[in-house]
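**Student:** Respectively, the protein sequence lines represent chains E and F. To convert a position in the first sequence, counted from 1, into this note's numbering, add 134. To convert a position in the second sequence, counted from 1, into this note's numbering, add 14.
Because the hints were derived from the structure by calculation, they are not lab data. Using N, Cα and C, we set each Cβ at its ideal position, and we do this for glycine too. Check each hint, because a few of them may be wrong.
[To be verified] Sample of chain F residues at the chain E side, in silico, Cβ under 8 Å: (1) 82; (2) 126; (3) 137; (4) 139; (5) 245.
[What the hints assert, rightly or not] Stretch by stretch, here's where chain F covers chain E in the computed footprint (C-beta under 8 Å, at least three residues): (6) 226-238; (7) 542-552; (8) 849-862.
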Amino acid sequence: MHKIEVSLRSDLPDPRGLGLVKDIHDLEITNVSNVRVEDIYWLDADLTTGELESICCNLFADPVTQEYHYGVKPAREKPNADFHTVEVAYNPGVTDPVEGSAMKAIKDLGVGGVRAVKTSKRYLIEGPLTRRQLDSISSKLLLNPIIQHVVEREHVAFPENPQYTFKLGYVELLGLDNTVFQQVRQRFGFSVEELQTITGYFQRQARNPTDAELETLAQTWSEHCVHKTFRGKIRFDGATIDNLLKSTIMKATRELDKPWCISVFEDNSGVIDFDGRWALCFKVETHNHPSAVEPYGGASTGIGGVVRDPLGTGLGAKPILNTDVFCFGPPDLPYNKLPGGVLHPRRIFKGVRAGVADYGNRLGIPTLNGAILFDERYIANPLVYCGTLGLIPREVARRGQQHPGDLVVVVGGRTGRDGIHGVTFASEQLTDQSTMVSSSSVQIGNAIVEKKVIDVILQARDRRLFRRITDCGGGGLSSAVGEMGADTGVRVDLEKVPLKYTGLSYSEIWISESQERMVLAVPAENIEELLKLFDSEDVEAAVIGEFTNDRRLRLFYQGNQVCDLDMEFLHDGLPQVEREATWKQPQYVEPAFPPLTDLTGDLLRVLGSWNVCSKEWVIRQYDHEVQGGNVLKPLVGRDNDGPSDAAIIRPVLDSNMGVIVSNGINPKYGDIDPYWMAASAIDEALRQIIAVGGNLKKVALLDNFCWGNTGRPEMLGALVRAAQACHDMSLAYQTPFISGKDSLNNEFEYEGKLISIPHTLLISAMGVMDNVSRAVSMDFKKAGDLIYITGITKNELGGSEYFRSCGFTGNNVPEVDPQQAKALMDSLSSATGKGLVNACHDCSEGGIGVAVAEMAFAGGLGAKIELESVPLGEPIARDDSILFSESNSRFLVEVAPDKWQQFEKVMSGSTFAVIGKVTNTDVLEVYGVDGRKVVSVPVNQLKEAWQKPLRW
Amino acid sequence: MGKIKVLVLRAPGANCDVETAFAFEQAGAESSLLHVNRLVSREKRLSDYQIMVIPGGFTYGDDLGAGKILANELMLKLGEDILAFIEKGGLILGICNGFQVLVKTGILPEPSQLKSQLRVTLTANDSGKFECRWVHLRANQKSPCVFTRDIEGMYLPVAHGEGKFIASYFPEANVALYYADEKGDTSAGYPHNPNGSVGNIAGICDASGRVFALMPHPERHIRGSQHPQWPRQGAQKYGDGFQIFLNAVKWARQL
């Protein structure tokens, strides 16, 4: 065993350490003056000094900036008592992401005999600290006990891996003993009806099930995998809904029957045509529970997982864009308000951001779209939505079909104990014990393994070496192989699955959720070429079984059968759940405070709220330029820092066609009425497509529901309302849903109280654009241009950012008139298509006030608007209501003075009005309904208020 | 005369290979994406190409330091081929991770003095963060760099976490590009100098001018619609970075 310590030369500043000093100050520990970080490598080997020197000089230490040390070292002299060291290492069994590449590099050097490599980090912290403060720094910033520990002794251990001896496990289910029944039910997470159905099945087989059979059923029948609530029978206030998904969201898609929809609700992502030659596929997933307990690992594997969805669509799509939407607790939450066992929102935020960026950047996929929302109810149950857009040749865009006799090939990462029972964990409620018990449910990703898998799969696809592909996600091989084999049958020899380490039982191999794996169906005659191709790029591929024609799922371990299930029972045997649902609109206090005569302070406050403020700190740390297809960036305007409504990319580099990706989400409206929340989210996602110059001709939607416990009728009723709005809006806007996902049971029990997340529906949209040169950005372009508003403003401040900032919810939630909205959007599309629009921005959180402020400071120009010119849907006397109302389907549009006639002609039929002018005064002025000035403020002050909160 | 052949080197974690190949094709060359394993196995030979590019990305995850593991592999398994390629007049371009790789092989700043006193490296940004932003660059007019001929300034994006150039001493002749502000001041600080590079150095070349590497991404600005300001100013046909690819192809053609 060798230990090599690498440190930065003492005369160089340590950026990692300086970042930590800032984080420590955020913990309100202010007496830390400096932190330095050292990298430690542990080699399980017996090397000569020459070999060690070579490894250190050539690999571990940079000769210019770093120093290294190995062997016996004189005891570190503590300069004084204010000098603390904490060394952090990964727990046994957690994959060390550096190990594989370090081993490869050592081998390249020609040094043999290194059996394993582990890394740890040592933090040298300077400052007078109490034991308690030091512990607080360790536990809040330096390590997460789920995957890491403080190295107390001298050595990081290289434990011998335990051996596994095969023993077939049966579960005594047929004894009809109720105690056993309940125990089995709890162990595998079945409902009573489910386990009764299973008992019936095995009674007919006249035998007890094996543990692997019950594990397979538990995975396949989990909420995460089959969405039983959405597919269940729901009694909703007297009416019966048989399969909510089919009777709302999928129904609209079927009725719209768009010829450009290629594959909807059947493959790993939804697929639409792009240009006749190429198709686009899109999927958004959530990774909430893993991110709550280990933000970095949870979020990075969330990205890794969703990227494999397009890759597992058709015969494999190239991932070309990522979108990420997060919901967190307030970053400024006092520590004494944090429930036990819960990570602080700021730490979750930073960890999630880092996980998404590190994984997405390494894969070379631009992260171009997203949103971040804050609410106290997300403190213990943050939401992490990750989405990926893929590009695929049209002729391979449909799901493939294996033939009996085709081989089952697992490719990519090896299988370990990571993420076992992840889907059952995802489907359950979190408790303050979750961070203690769910450690095996946490996965650590390795982006480079996934990148290699993507690269080689796309080559294998182009050579047509396999007939079908799917990803290994929730439920691991059990879901992937089980679903793939549903209509043929399949047999798998589990001992052939490549393992990270020995000691896994056959069931663990079967349900492990280790990352970066895909499953292929490969015709026997192609197998040699396929294995050779994968080998040539150092990607592991192993034949683990074959598809049959017996419609059975049969698993073997070293020749012993451990599972034999009828595919029909596995996939169609799940009893339909029956649930009660009800909904009643809650009543909130309607605010009655007198408006201020000067609304400048209100505008600054709303701009600086967590939800509205600039997210540049996050966006800049994502690579949003990679792949070179960028046309409209997430940050736009004179100084590249204004908030773009949506991103546009050119997915095929030598074509002028583009794709726009946007999202809509507003959980605050859901507190009042989930129907209008869903309608608003759809309107918002579509507005953003229109605002950047797109149109509604070829726009597809995705739904992602994150909800509380739908076992409670009022919770389920809210879900039904939202799904119904999805149906209605989808039809009215002529925009079909092509895929979706739900994550239910997002609740947290804290001191006996149940905290549910707000009803949260994310709508993601992609729109095809015929000519990217018609893109429009949101920043004001030129003094003297006219500012139009299109659409009608109503007294709709319920759930608005303005009310929230005053401490109210209100009741007048923004509604949508989709017929009127669609006509307006179509007209505005023609206007942008004709080049009549210099800038366009939709009115969303913060209404007209925030929209005009953002357009002004993004363009570095002033503006003057008059609220009395704003077309109203009802009489509104209050200036603050007009300025901050969040009525849907509205845009602010900048038009050059020589184009106003043409613009108004194109817009005729919709409501619009000139409300002001772009000025070169650097000041935003707003005049109230009675002509008084109600806002007057330099635009750089607005910008500062908007940028300050997240300037971390 | 046939098209100039460009080898775009793929390696695990390289991720700007496709758009870099596209940029060279737009400049009239023929690009091949080639995995490093195919060169190591001698299935393909570097000597069959006129230009080699090491594109951006995170080769081997940037574990052990950005570019380190690929640099190690290249020198141990292809070192002689690469030096012979340079000797015979070949052009080498390193972009972002490719810059990190070339510096860590020692080929830059001077392939003829692999173990010389000119020790340079690229290390973590002063900000401690990976950042993606657009920067103004000025070309060193005294540099022999063939890639930056006739270029005065450029506006290009950077996207990296380890781009701070450090050298104890560095001859001005080897500097090809400086970070600058919009007025061309090459002493401007953050964010114009996005990583804290010593002397605002953004790109360097060897004495021959044929081995060149830079942190910013010229392949991400080969046409006007990639410029972040195009919706304000209108789109030019070509982006600032395109000239680099044209220059390289033009030079190779003269050989």
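**Student:** For the restraint on residue 139 of chain F, tell me whether the closest CB of chain E is nearer than 8 Å.
**Tutor:** The hint holds - residue 139 of chain F has a Cβ within 8 Å of chain E, the shortest such distance being about 7 Å.
**Student:** Under 8 Å is the threshold here; is the Cβ of residue 245 of chain F close enough to any Cβ of chain E for the hint to stand?
**Tutor:** 4 Å, holds
**Student:** Taking a Cβ-Cβ distance under 8 Å as contact, does the region 226-238 of chain E have three or more residues in contact with chain F?
**Tutor:** It holds: at least three residues are needed, and the region 226-238 of chain E offers 5 whose Cβ sits within less than 8 Å of chain F.
**Student:** Using the nearest Cβ pair, does residue 137 of chain F come within less than 8 Å of chain E?
**Tutor:** 5 Å, holds
**Student:** Mind checking, does the region 849-862 of chain E have 3 or more residues with a CB under 8 Å from chain F?
**Tutor:** Three-residue rule not met by the region 849-862 of chain E, so violated; n is 0.
**Student:** Hold the hint about residue 82 of chain F up to the distance rule: shortest CB distance to chain E must be less than 8 Å.
**Tutor:** 6 Å, holds
**Student:** Hey, does the residue 126 of chain F contact hint survive, CB to chain E under 8 Å?
**Tutor:** 19 Å, violated
**Student:** Within the assertion that chain F covers the region 542-552 of chain E, do at least three residues meet a Cβ-to-Cβ distance smaller than 8 Å?
**Tutor:** violated (count 0)
Figure legend: structure checked against the earlier numbered hints; hints not met, in rising order: 2, 7, 8.
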